[in-house]
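**Q** Residue numbers (our numbering), protein chains in the order written: chain V, 1 to 313; chain S, 1001 to 1129.
I should point out that these hints are in silico values taken from the structure, not numbers from a laboratory. Treat the hints with care, since some could be wrong.
One side of the interface only, derived from the structure: several residues of chain V facing chain S at Cβ under 8 Å [what the hints assert, rightly or not]:
| no. | residue |
| --- | --- |
| 1 | V123 |
| 2 | R133 |
| 3 | R171 |
The following residues of chain V were derived to be distant from chain S, with all beta-carbon distances above 12 Å [stated by the list, open to error]:
| no. | residue |
| --- | --- |
| 4 | E29 |
| 5 | E35 |
| 6 | H53 |
| 7 | E114 |
| 8 | V129 |
| 9 | D166 |
| 10 | D236 |
| 11 | E257 |
Even for Gly, the Cβ is constructed at its ideal location relative to N, Cα and C.
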Amino acid sequence: MSALERKLNAGQFVVTAEMPVIDGGGKAEILRQLEPMQAYVDAFNATDNPSAHAHCAPLAVAIALREAGVEPVMQLVCRDRNRLALEADLVGASMHGIENICCLTGDDVTAGDEPEARRVFDVDGVQLVSIARSLQAGRYLSGRALSPPPHFLVGAVENPGAPPFDYRVRRAATKALAGARFLQLQLCYRTELLERFMHEAHDAGLTERIAMIPSICILRTVGGMRFVATRVPGIDVPATTVARVEQAADAEAECFELAYELAAHALAQPGVAGLHFISFRKDAGIAKLCRRLGIAPRIERETNEHSASVARR
Amino acid sequence: MTPASSLHRVVAKAEHLVKKPLWGCQMCGQCVLHSTGMTCPMTCPKTLRNGPCGGVRANGNCEVKPEMRCVWLKAVERSERLPLWRDHIDQLRPPVDNGLRGTSSWLNLISGRDKQVPAGWAADHDVGA
C-alpha cells in the first residue's frame, strides 16, 4: 500500500504537487526540480502530456521519482492511447511499484502544439477508473486473468468550475462508484463555484467516500496569468483577478498572494482532504506557501500523526 | 441475422436515415440516446459516454468546437425533461464496442448484442479496494 493511500485511509491531510514537465536532462533534472518543494509534498504527479503537448512519458517520470525516493502519482489520459495501451501502462506501473494512479479524460489535441494529431478517446476517464479496478480484481478488460493482480490507489479529476455546475458532484459520485478514491480538482478561480461543489459533495456524503483535493497554482507573471485565463480549457478566471495581477507593482508577489488566498479559501471548505499544488515559479514557492498556510513539512506531519496514533492506542 | 446480411444492411440504412437528421447519429451500433436525454454522446468530439469533460467553456460551449454547445450540457438538461429514464444519465456506460460501428443498433437491441460487455468490465463495481 502506498504512503498516500495509508494517509488518505487514516484521514490525514495530504499535499500533492505537479512534477514540472521533463524534456531531458536525465535524473539530475528530476532531482533539481524536486529539491525546492520535496520537504512539503507527500506525492508528485507525473503528468501525461499536459495541455496536449508531448513530454517525457508519465511512466518513465514516475519510475524516476521512485528512484529519487519520493512517491509518484502516475497520470494517464485517454487522449493518446487506446484501452490496450492504457492497460499495458497500468500493469507496467505496477511492475515498478507505482500504485497511485490518476485517470483523466484529457485536454483535446487542439489545446496543444500538434493539433493535427489523431485524438484517441477509445475510453473516457470514468471507464479508465473502472478498468484500473478490473486489473486490481485480477483481470484485463477482456476477462483474461492477471495474476498476481496489481494493487492501485486509483484517483481521478473533476472540474468544479466548468458547466454544468449542478451536475459536477453527480459526475464525481459516478467516479467514486467506478472505483476512484481521490479526486484532484481542477484549478478554480471562481471561489463561489468551489464552495458550491464542496458543500454539495459534503452534504451528499461524498467526501466520506472520496478524498477531495483542490488544486492551487502559483503563477509568476502577468503572461502566465493571461495564459491560464485564456488558453487552458475549462478554467474561467474573473476579469478582476487578471486585472489585479496586471495592475500590481510586483506581479510575482501578487500571484503568490492570490495563490495564498485561494488556498486558504479551499482549506476552509468542508471535506477537503488535502491540497494539490502547481507551481510555475523556479524557486521554493510551494514550500513558502505551505509555511504561510501553516502546513507542516511532510516528515513533521508523518511523525506527529505517528505519535498521535500511538497516543490513541 | 449477421451484420453482413443484406437485411441487416437495409435496416442499418433505414436507421441512419431516421436518426442522422434527428440526432446526428454516428451509427455506433449501441445506441444510448434514451439514457442521455435523447442527445447522442457520439457527437461529442471526444465521444465521451459518461458525462462532460473538464474543458467545457464558461459559456457552456465545447472545448474543441467553440461555436457548439457542449453535447453533455444538452444531455443533462434534456434528461431532466424526459418522462422516463431520468436517472439513466448517472449510469456508468461501458467502453464503446468498435466492432459494432456501422451496424443497426435497433437489431443489436433486439438480439441483445448491444448489451454485451467485455468479460473484464466490472459491471457490479464491487471488486474490492
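**Q** Per the CB criterion, is R133 (chain V) less than 8 Å away from chain S?
**A** holds (5 Å)
**Q** Would you say V129 (chain V) is clear of chain S, with no C-beta pair closer than or equal to 12 Å?
**A** Incorrect as stated: the minimum Cβ-Cβ distance to chain S is 9 Å, not above 12 Å.
**Q** Does V123 (chain V) pass the interface hint, meaning its C-beta sits closer than 8 Å to a C-beta of chain S?
**A** holds (5 Å)
**Q** Is the nearest CB of chain S more than 12 Å from the CB of D236 (chain V)?
**A** Since the minimum Cβ distance to chain S is about 4 Å, D236 (chain V) lies within 12 Å and the statement is violated.
**Q** Looking at H53 (chain V) again, its CB stays over 12 Å from all of chain S?
**A** holds (15 Å)
**Q** Is the hint on R171 (chain V) kept, meaning its closest Cβ partner in chain S is under 8 Å away?
**A** Hint holds; R171 (chain V) Cβ to chain S Cβ min 5 Å, cut 8 Å.
**Q** Please settle this one: E257 (chain V) was flagged as non-interface, so is its CB more than 12 Å from every CB on chain S?
**A** holds (24 Å)
**Q** Beyond 12 Å on every Cβ pair: is that true for E35 (chain V) relative to chain S?
**A** holds (31 Å)
**Q** Beyond 12 Å from every chain S Cβ: check whether that's true for E114 (chain V).
**A** Since the minimum Cβ distance to chain S is about 15 Å, E114 (chain V) lies beyond 12 Å and the statement holds.
**Q** Would you assess whether E29 (chain V), listed as outside the interface, keeps its beta-carbon beyond 12 Å of every beta-carbon in chain S?
**A** holds (29 Å)
**Q** Say whether it holds or is violated: D166 (chain V) keeps its Cβ farther than 12 Å from all Cβ of chain S.
**A** Non-interface label fails for D166 (chain V): nearest chain S Cβ at 8 Å, not farther than 12 Å.
The structure fails to meet hints 8, 9 and 10 from the earlier list, while all remaining hints are met.
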